[in-house]
Amino acid sequence: MQMALRGVWQLKKLIVSYCDWGGSSRGIRAFMESELPTFKEKNPQLEVVTELIRGQHPHLKGFYKNKNERVVCVKNMTPEDILLYATRLRNALGRKVVKLKTRHVTKHPSVQAMKAALPKHSLVGGK
Amino acid sequence: MAHRRCLHSALLHATALISLKKSPPLSIVKALTLKPNPVITTSNLEPSWFTPWSYVRHFSSRKSDDSENEAEMEDSSDGEEESDEMASDMVRDYSPGEKEAEAAAIGYKVVGPLLRSDRVFKDYEPVFAVVQIGSHQFKVSNGDSIFTERLKFCEVNDKLILNKVLLLGSPTQTIIGRPILPDAAVHALVEEHALDAKVIIFKKKRRKNYRRTKGHRQELTKLRITDIQGIEKPEIKTDGKPLKAAVKKPEKIAATA
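Line by line, the protein sequences are chains U and S.
Per this note's numbering, the first sequence starts with residue 4, numbered consecutively.
Per this note's numbering, the second sequence starts with residue 1460, numbered consecutively.
These are calculated hints, taken from the structure and not from any lab test.
Computed from a predicted model, the values in this text were never measured in an experiment.
All C-beta atoms, glycine included, are put in the ideal place defined by N, C-alpha and C.
Certain hints may be false.
[What the hints assert, rightly or not] Estimated spans, in silico, between C-beta atoms of each pair:
1. S:R1578 - U:N71: 39 to 49 angstroms
2. U:E50 - S:K1664: 43 to 53 angstroms
3. S:R1609 - U:C76: 41 to 51 angstroms
4. U:T90 - S:K1673: 19 to 29 angstroms
[Claimed, not checked] Computed cross-link-like contacts, DSS-like style, restricted to lysine-lysine with a CA-CA straight-line distance of at most 25 angstroms:
5. U:K64 - U:K15
6. U:K110 - S:K1662
7. U:K110 - S:K1663
8. S:K1673 - U:K104
9. S:K1692 - U:K102
10. U:K102 - S:K1581
11. U:K68 - U:K104
12. U:K99 - U:K16
13. U:K45 - S:K1692
14. S:K1667 - S:K1692
15. S:K1657 - U:K70
16. S:K1664 - S:K1692
17. S:K1673 - U:K110
18. S:K1581 - U:K68
19. S:K1673 - U:K45
20. U:K64 - S:K1657
21. S:K1692 - U:K68
22. U:K64 - U:K78
23. S:K1664 - U:K110
24. U:K15 - U:K68
25. U:K99 - U:K78
26. S:K1598 - U:K104
27. S:K1667 - U:K110
28. S:K1663 - S:K1673
29. S:K1611 - U:K104
30. U:K78 - U:K15
31. U:K102 - U:K70
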């Protein structure tokens, strides 16, 4: 079971990588000045690190508890968009993004009928 | 505005003149009016401001035109801003708690307080409920997870109460609602807000040179069901087993001893 510790935030660390020279990092530089402090305060459980990478496009890296990494490139984005992506990383679990098989995941599909106990040809009589 | 500007520039030039010529301090208007000729001969700045001085009337008329234009511009911009604000208000006007509750009622959920050291996660109980969220219905039990459309007004780790319950069931009892059970409540916890995998919508008309590709990611919310209320839950018979085990152990020890 992935969520053995339920109620626990799954995003452990967020690395905000930016460049101080490039024009594609303008948005993320503005984000770091304007919205990153409030984001940090709202999420005290999250370890936010800023990293300088010169000459490369900026990105956000999220590290989850299931040792999964998610990288989002935020080049040429406005600070509001970057905040949206950061919030999405924080809201998500670290699971792989696959198409859902069912919208209802359960371990106990039946309450009233014990299908394993009854042979298949007999009618299910409730209880 | 132009009037003010030309006055301001006139003031600047007049003060410059006065400082250059070291004349006794006079009022600026008097200085301008009293010294037309020497002013023209001596410095080159006068024609630049002297000519606008003669165009005061034009400026004033233009000023009125400008003011009219500005007023029109301001009105139109205000109108646009108002319409924009109205459009954004439709999206974001749910700040009052009442409106949030109304919108939540449409989606059949009530947001409770955030989780703070509550022991919400219980063991599996053999009780199920059929609950409706939006237009989808699910048969849920304790400990299940459900993927619904993105629910607004709730963050991750929020407690929800789903109040549109259509059916409750246990191994011994079934309660059917017509169509809703008013006293039943299903407690859930928001686990994540995430995007679904990308679905590529590809349209093609053959031999017509028409091909379109569009990507779509649906926003989902994962809820974990924690509690179902409104039905008598059967007593869990786990108390018998540890007692029997405890009884057995001293018997074995006695037997071995």
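#### Entry: Hints violated by the structure (numbers, ascending)
Hint check: 1, 3, 6, 7, 9, 10, 13, 14, 16, 17, 19, 21, 23, 27 fail, others pass.
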